[in-house]
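A.B. asks: Residue-level listing of the chains:
Number of protein chains: 2
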Amino acid sequence: MSTADFLGEIITTGNELLSGRIADANARYAAVRLHAAGLKVQVITILGDAAPLFQDTLSRGLSRSRFIIVTGGLGPTEDDITAAAAAEVLHLPLRQDEYLLARLRECFRLRGLPWEERFARLALVPQGACILDPNGAACGFYLNHQGARLYFLPGVPREMRLLFDNYVLPALLLAAAGGEAVCERTLRFFGLHETELEDLFQNLAQDHQGVSVGYYPNFPENHLTLTVRGPKSEALEKKLEAVAQELAAQAGDAFLGGSDDTLEEILGRQLRVRQLTLAVAESCSGGLICHRLTNIPGSSDYFQGGVVTYSNRAKVNLLHVPESTLHTHGAVSGPTAAAMAVGVRDVFGVSYSLAVTGIAGPTGGSPKKPVGTVYLGLAGPQGVKTRHCLFQGSREEIKILTAQTAMDWLRRELQ
Amino acid sequence: MSTADFLGEIITTGNELLSGRIADANARYAAVRLHAAGLKVQVITILGDAAPLFQDTLSRGLSRSRFIIVTGGLGPTEDDITAAAAAEVLHLPLRQDEYLLARLRECFRLRGLPWEERFARLALVPQGACILDPNGAACGFYLNHQGARLYFLPGVPREMRLLFDNYVLPALLLAAAGGEAVCERTLRFFGLHETELEDLFQNLAQDHQGVSVGYYPNFPENHLTLTVRGPKSEALEKKLEAVAQELAAQAGDAFLGGSDDTLEEILGRQLRVRQLTLAVAESCSGGLICHRLTNIPGSSDYFQGGVVTYSNRAKVNLLHVPESTLHTHGAVSGPTAAAMAVGVRDVFGVSYSLAVTGIAGPTGGSPKKPVGTVYLGLAGPQGVKTRHCLFQGSREEIKILTAQTAMDWLRRELQ
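Residue numbers (the UniProt record's numbering), protein chains in the order written: chain A, 1 to 415; chain B, 1 to 415.
Chain A extracted, bound-state conformation (with noise of 0.2 Å):
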């Protein structure tokens, strides 16, 4: 059996997931494990703590899945019912588990707490179910139905997780047919559209069999991700580069990396290595840069600093951009973004510079420059360049992509 036949769901319980006041932890820590492990996960559910939903959900399950994760309603409350609501799905008479409930008044004689009768319902189980138990550290209770196999864990993050590293997971692979191998790898793209992204997979799919991607799009940016599955773990990760590399290429200067990096620690890099530093002059973009800039632990060693400069006197007194120019051109020019970035590249006394201006919007516009006219200016050692870009969407948007335009410009420069 290969593991594509052995799919299998998480049901999480708790009304508490369903208010949004916690948010899950239990389904993605299970979902995360399981993927890597070459499982799959075709649905998870989280409910109440109302049986009814709990049973269709359960039986419903039965019905698609080879092996159900519950997690939760395994305490000694009313509203605890995941063990009798269980029950009455798999036609299975309750019975108390008298080692369970001996080692639970154990651990109630240990912990020096007092014991009450109603605790005595932690111990009621489907007849037939085999206890998890790592030594009374936590609570849980498997069942193989008809060739399903479900597994019933606390909802307590700490216990969920202790049975299903060492109970669940275990037992899965053994039973997934020794489990293949899972690959997958994200990559980062952007200035190119998710449709061209798709076109650039499509050219070489069918050199590359059994390749599985996704497509997310990760405003300002577009995200690809590889899947493959194979017995051996080393072929897949040498098949996954294979790709990567390929669409890397085709792809160019749109490439930015793999998914940990963020295009302001892929540009830190590139400075720390060479030892460059920068500064950057802000006006429509209002900071962002140097906000993203500054994100990255260790960034002082590289990042001089800059300025947010909104008004033309700012531009004057702190970047000595000449009344002229701004008077000739207009502050949203190529000729100001120039001089903002010359001078912000000398006061700051800095390898490189990038400048912003431009109409973010939404007033402010005309018909010669509407809102989103940008001009970015760069200054390095070998002058000052500077581009025009027209962008479109919201003042936030607009500032985004100003912001991520500009970081990616002197990227692809230092490339």
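Hint data in this document are derived by calculation from the structure and do not stem from the laboratory.
Just so you know, not all the hints are guaranteed correct.
Same chains, same label: a pair holds when it works inside one copy or across any pair of copies.
[As the list claims (entries may be wrong)] The calculated lysine to aspartate or glutamate pairs, modelled on DMTMM-like cross-linking and capped at a C-alpha distance of 20 Å, are:
hint : residue 1 : residue 2
1    : 40        : 79
2    : 40        : 16
3    : 232       : 184
Please arrange chain B on chain A, whose structure you already have, making use of the hints.
C.D. replies: Chain B only, in chain A's frame:
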């Protein structure tokens, strides 16, 4: 009809969610706000991009829920199956929405992207669908199927939230109240714990029967949502206004305002009405204050600009911080914060200025000045003040807390 009967569910789709590669942000975003507004979600289902399971889940949803919110699968690629799969379940033909198609073409044109025929599938929606259209910023649709309300939203969180906030939540609140009017108001607080907020409300709950409350943390702020139902919306608004005013009074300076009032908007209004101007000098916040201030349209009327001075050299050259101050007290100190505030105020010739210097980490801390140590300076007509803060969290969290605390300080100052 009471909202107790008005049960709904959320279906999010995307293979990246099942692999756990991406945490589901959309379902939780919706769940928190629906819960806070008193609307009950009974199940959240996370699926991949396979049509059969989605169709089965949608059918189950129709049999048990009054509203269903679906996110994801509305894109232009092959794995975007939502619209077609839903049409099949609902026995509706897919039709091309000419208006949507025209708008898409226009968006592509404005963004300078070449139009391709396959993009037309973006405009294929089930017959009778009502397009949710915030002027081309996102793309989703609504269907009423035998009394059940179905909302199909994009998977891109930014777009999903835009449609959810503007179309889905208001419409569901109306629907849930049946003939009744329903009023909802969110109040924002900074500097009060969620539990402190809860206490505040408990104090006056008995005087305001029928007002339901929900809390959700919105780092670094805490938000509280009040909901009331009744025959006359005027009366409800009065009631909400009364509760809101009492809460605001009890919270004092910690009360920021209604849901639409971001801190940067409030601060902007304060400066605008008094015709005051502002400049900012940032070190460890790295431009985040400037970025937030300039997110507000028209901020150039009062925000003159800022300086991000990571290096001492920049602090001296641009802000005229005395070398002796840096030498005697260090870059991260009250005197330096004060000198930066005075310097940036004078350079930009503004009425008020904020200055920040600190250690965002993860490195750079010392026993005397650990990571999270931040000094704030505020210069105004009455002179200059400084504040010492010690924040905890990641580098980004410390930047966020620093920016928020500095802006909030000026807000309280101007109040």
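A.B. asks: Hint by hint, work out which the structure violates, then give me just those numbers in ascending order.
C.D. replies: Checked against the structure, no hint fails, so every one of them is satisfied.
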